[in-house]
Amino acid sequence: MNARRQAAVLAAPAAALLAGIAVVPVLAAAWLSLHRSILVFHEQRFIGLSNFRFLLGDGRFWSALSTTAYFTAVAVFAELALGLPLAVLLHRGGGLLRAAVLLPWAVPTAVSARLWAWLFNADYGLLHRLAPGVDWLASPRTALHAAILVDVWKTTPFVALLLLAGLQAIPQDVLKAARVDGAGPARTFFSVTLPLLRPSILLAALFRSLDAFRVFDAIYVLTEGGPANATETLSIYAYKTLMRSGDFGYGSTLAVAIFACVVAIGLSWLRVLGRER
Amino acid sequence: MRSLAIWLVVSAACSRSPHEPGAAGAVQLVLKHQPLWGDPAPFHAFLDRFRRENPGIVLRTDTLPNGSDIAREMFVTALEGGADDFDVFAIDVVWAPEFARAGWLADLSDAFPPARLREEFLPGPVQAVTFEGRVYAVPWFLDVGLLFYRSDLVPRAPRTYAELRDMAKEAMARDPRLSGFLWQGRQYEGLNCNVFEAVWGHGGELLRGGRIALDTPEARAAVQWLREAIETGLSPRSVLSSAEEETRRAFQDGRAVFLRNWPYVWAEVQTAGSPVRGKVGFAPLPSATGAPGSGALGGWQLAVSARLPPERKRAAEKLVAFLTSHDAAVELALRYSRIPARRAVYDDARVRQGAPFIAALLPVALRARPRPVSPYYALASDAIQGELSAAVVGLRRPDEALARAQKIATHLEER
Numbered sequence: 001m002n003a004r005r006q007a008a009v010l011a012a013p014a015a016a017l018l019a020g021i022a023v024v025p026v027l028a029a030a031w032l033s034l035h036r037s038i039l040v041f042h043e044q045r046f047i048g049l050s051n052f053r054f055l056l057g058d059g060r061f062w063s064a065l066s067t068t069a070y071f072t073a074v075a076v077f078a079e080l081a082l083g084l085p086l087a088v089l090l091h092r093g094g095g096l097l098r099a100a101v102l103l104p105w106a107v108p109t110a111v112s113a114r115l116w117a118w119l120f121n122a123d124y125g126l127l128h129r130l131a132p133g134v135d136w137l138a139s140p141r142t143a144l145h146a147a148i149l150v151d152v153w154k155t156t157p158f159v160a161l162l163l164l165a166g167l168q169a170i171p172q173d174v175l176k177a178a179r180v181d182g183a184g185p186a187r188t189f190f191s192v193t194l195p196l197l198r199p200s201i202l203l204a205a206l207f208r209s210l211d212a213f214r215v216f217d218a219i220y221v222l223t224e225g226g227p228a229n230a231t232e233t234l235s236i237y238a239y240k241t242l243m244r245s246g247d248f249g250y251g252s253t254l255a256v257a258i259f260a261c262v263v264a265i266g267l268s269w270l271r272v273l274g275r276e277r
Numbered sequence: 001m002r003s004l005a006i007w008l009v010v011s012a013a014c015s016r017s018p019h020e021p022g023a024a025g026a027v028q029l030v031l032k033h034q035p036l037w038g039d040p041a042p043f044h045a046f047l048d049r050f051r052r053e054n055p056g057i058v059l060r061t062d063t064l065p066n067g068s069d070i071a072r073e074m075f076v077t078a079l080e081g082g083a084d085d086f087d088v089f090a091i092d093v094v095w096a097p098e099f100a101r102a103g104w105l106a107d108l109s110d111a112f113p114p115a116r117l118r119e120e121f122l123p124g125p126v127q128a129v130t131f132e133g134r135v136y137a138v139p140w141f142l143d144v145g146l147l148f149y150r151s152d153l154v155p156r157a158p159r160t161y162a163e164l165r166d167m168a169k170e171a172m173a174r175d176p177r178l179s180g181f182l183w184q185g186r187q188y189e190g191l192n193c194n195v196f197e198a199v200w201g202h203g204g205e206l207l208r209g210g211r212i213a214l215d216t217p218e219a220r221a222a223v224q225w226l227r228e229a230i231e232t233g234l235s236p237r238s239v240l241s242s243a244e245e246e247t248r249r250a251f252q253d254g255r256a257v258f259l260r261n262w263p264y265v266w267a268e269v270q271t272a273g274s275p276v277r278g279k280v281g282f283a284p285l286p287s288a289t290g291a292p293g294s295g296a297l298g299g300w301q302l303a304v305s306a307r308l309p310p311e312r313k314r315a316a317e318k319l320v321a322f323l324t325s326h327d328a329a330v331e332l333a334l335r336y337s338r339i340p341a342r343r344a345v346y347d348d349a350r351v352r353q354g355a356p357f358i359a360a361l362l363p364v365a366l367r368a369r370p371r372p373v374s375p376y377y378a379l380a381s382d383a384i385q386g387e388l389s390a391a392v393v394g395l396r397r398p399d400e401a402l403a404r405a406q407k408i409a410t411h412l413e414e415r
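Chains Y and C supply the protein sequences, listed in that same order. Residue numbers for the first sequence, in this note's numbering: 1 to 277. Residue numbers for the second sequence, in this note's numbering: 1 to 415.
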């Protein structure tokens with residue numbers, strides 16, 4: 001009992017800090033989402049669940065939600081698919097290679113997004129020259145894929161790094177045993193390495209999908225959500241409603257919706273991860 | 001180089017100008033404004049003149065973030081929170097009615113009567129700062145949309161849209177690498193400006209009885225014109241993802257015949273080494289009928305915080321009068337290429353000699369028109385951008401997109 005009490009005392013500062021910077025703002029946003037609150041017009045009144053009712057019928061919200069879901073699914077899948085071979089390569093390669101691969105991850109997103117915006121530029125862009133006739137950022141169909149490409153370019157190294165840690169944790173004797181049993185490299189990879197890497201892959205997927213779901217900076221710099229709101233993710237919609245339109249009530253409703261989605265994603269991944277153990 | 005200049009301006013502006021602890025009873029004033037670009041020394045020397053002339057006022061300056069959106073966020077949060085760390089501040093042209101309605105701006109009608117403002121300043125800026133017959137800010141300097149053209153490729157500026165199209169097609173037939181007409185079609189505030197200009201060019205209005213009006217025949221014609229420019233190849237598809245700089249660069253590299261942009265482009269295309277130096281002319285935007293078109297009005301106005309007690313308000317008004325005076329406008333035009341909001345400055349010999357481009361802008365500046373002067377515009381603008389973008393990229397028909405934009409604006413105004 002004494003040890004437990006001591007543990008509680010030791011954990012208290014961290015818990016208080018977490019409550020202060022995470023729980024309180026979330027609760028404040030939830031409270032605000034029950035109001036009609038427009039700063040400029042001094043409107044602030046309680047309206048219950050009206051905002052949420054409006055949300056259910058708001059086409060822009062559903063379109064932002066599906067854009068975000070599509071972005072998350074495609075980006076995370078591509079990052080894992082590319083990150084895995086990269087991790088294997090890094091596992092063999094030296095420190096310099098590792099450092100070089102990490103470069104995209106180290107560049108601030110706003111900077112790299114600006115860089116990509118010029119690569120996509122229809123008059124000067126390198127990508128435009130390689131594939132003329134594709135209006136990367138000007139067409140609602142391609143703009144979202146352009147954003148996905150930027151995200152994949154930036155975060156694949158991070159995924160590779162997580163997987164690399166997993167690879168390094170695989171005991172050498174298991175691999176040696178496989179070789180002794182006569183398994184070739186391919187067989188060893190798919191029957192030994194990959195299953196042992198599963199927890200790392202799931203962990204990378206958890207991190208990345210939570211992050212990708214809240215994507216803001218890359219897309220904001222590339223397109224500001226355009227054209228025709230085709231690249232508007234939930235974060236961008238919430239930001240525009242909150243900060244540009246000054247509608248704090250509905251903006252908070254959107255923020256709460258994002259929070260709910262992120263919690264749902266996090267919990268389902270954790271459940272999958274938990275089953276692994 | 002430019003970033004160095006920005007850094008210098010910002011750091012110079014951030015360092016609080018040292019001032020003697022004024023005599024007891026001295027009035028403290030803080031001026032909050034956007035950095036002016038370039039060497040801050042002339043502006044500070046100018047402010048020093050105000051200090052000398054008004055020993056009873058202790059003046060400090062503070063800079064605003066550069067982006068208009070960010071500056072607005074700052075003001076909305078600060079003013080709503082009852083901030084009192086700035087007294088006189090520069091506001092963007094579309095904020096005046098919104099901030100006035102919020103009660104954040106002092107009514108300046110006594111010190112700057114509307115009639116006098118109308119007499120001395122250009123009509124567009126005066127319209128932008130007047131809300132329900134009262135004056136809430138004084139125009140400082142302006143910005144306005146205009147048409148740049150390649151004087152080596154076309155004989156003169158086009159007056160109508162049809163002329164623009166024909167001239168461009170002719171030049172493009174001679175040199176297939178050329179684009180015809182560049183404008184800003186990315187989903188952002190600049191797209192609204194481009195569309196509004198086309199609405200005015202088709203004889204339309206954006207306000208009807210004080211309400212935002214977008215679902216009008218003229219607006220449909222305007223959006224149709226821009227959409228057709230893309231469909232017929234008059235404008236390259238790249239304009240759909242372009243803001244000012246992307247189009248300016250393409251034009252400056254000699255890739256286009258016409259460019260709709262803001263006056264800053266002039267200095268850029270005339271720099272040494274610019275491929276189109278000496279081959280560029282400018283004119284008011286074209287219209288459907290051939291009458292000179294109107295450019296969207298941008299620029300900054302000086303407002304006074306509504307929280308000031310009478311004595312400080314009088315001092316603040318003095319500062320506003322000083323900064324928006326004829327001499328100040330001349331100074332800003334000569335030193336910072338800022339376009340005057342005062343009518344007489346364009347005829348001032350110093351400006352005609354030292355900044356002939358600015359003096360020649362008068363016909364354009366006279367026709368500058370504000371975006372809808374409605375307290376709801378800033379709220380609605382974001383949703384309008386999405387719909388206009390859908391129309392110009394061809395995702396929705398113009399009438400459909402405008403009807404949706406109208407619904408959003410009406411919904412905002414009615415609650």
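Hints in this document: simulated from the structure, not taken from any laboratory. It is possible that some hints are incorrect.
Unchecked claim - Facing chain C, according to a computed beta carbon distance under 7 angstroms, are these residues of chain Y, among others:
1) 39
2) 93
3) 94
4) 95
5) 125
6) 126
7) 127
8) 129
9) 133
10) 135
11) 140
12) 211
13) 227
14) 240
Said to hold, decoys possible - Output of the computed footprint for chain Y on chain C, the stretches with three or more beta carbons under 8 angstroms from beta carbons of chain Y:
15) 40-50
16) 131-139
17) 201-212
18) 293-305
Said to hold, decoys possible - Over the 10 angstroms line for every Cβ pair with chain C, so calculated as not near, a few chain Y residues:
19) 2
20) 5
21) 38
22) 40
23) 42
24) 46
25) 53
26) 137
27) 191
28) 243
29) 244
No experiment lies behind these values; they were computed from the predicted model shown. Cβ atoms here follow ideal geometry from the backbone N, Cα and C, with glycine treated the same way.
Right, here's what the structure says about each hint:
1. 39: holds (5 angstroms)
2. 93: At 36 angstroms from the nearest chain C Cβ, residue 93(Y) fails the 7 angstroms test, so the hint is violated.
3. 94: violated (36 angstroms)
4. 95: Since chain C brings no Cβ nearer than about 33 angstroms to residue 95(Y), farther than 7 angstroms, the hint is violated.
5. 125: violated (9 angstroms)
6. 126: violated (14 angstroms)
7. 127: violated (12 angstroms)
8. 129: violated (13 angstroms)
9. 133: Violated. Min distance 9 angstroms.
10. 135: holds (5 angstroms)
11. 140: This hint holds: residue 140(Y) lies near chain C, its Cβ roughly 6 angstroms from the closest one there, short of 7 angstroms.
12. 211: violated (24 angstroms)
13. 227: holds (5 angstroms)
14. 240: Interface hint status for residue 240(Y): holds (5 angstroms vs cutoff 7 angstroms).
15. 40-50: n = 0 at 8 angstroms, threshold three: violated.
16. 131-139: violated (count 0)
17. 201-212: violated (count 0)
18. 293-305: Since 0 is below three, the answer is violated.
19. 2: Check passes; 48 angstroms lies beyond 10 angstroms.
20. 5: Answer for residue 5(Y): holds, closest chain C Cβ roughly 42 angstroms.
21. 38: violated (8 angstroms)
22. 40: violated (5 angstroms)
23. 42: violated (7 angstroms)
24. 46: The assertion about residue 46(Y) holds, with a minimum of 15 angstroms to chain C.
25. 53: Fine: 15 angstroms to the nearest Cβ keeps residue 53(Y) off the interface.
26. 137: Check fails; 4 angstroms does not lie beyond 10 angstroms.
27. 191: At roughly 48 angstroms from the nearest Cβ of chain C, residue 191(Y) sits farther out than 10 angstroms, so the non-interface label holds.
28. 243: violated (5 angstroms)
29. 244: Not fine: 5 angstroms to the nearest Cβ puts residue 244(Y) too close to chain C.
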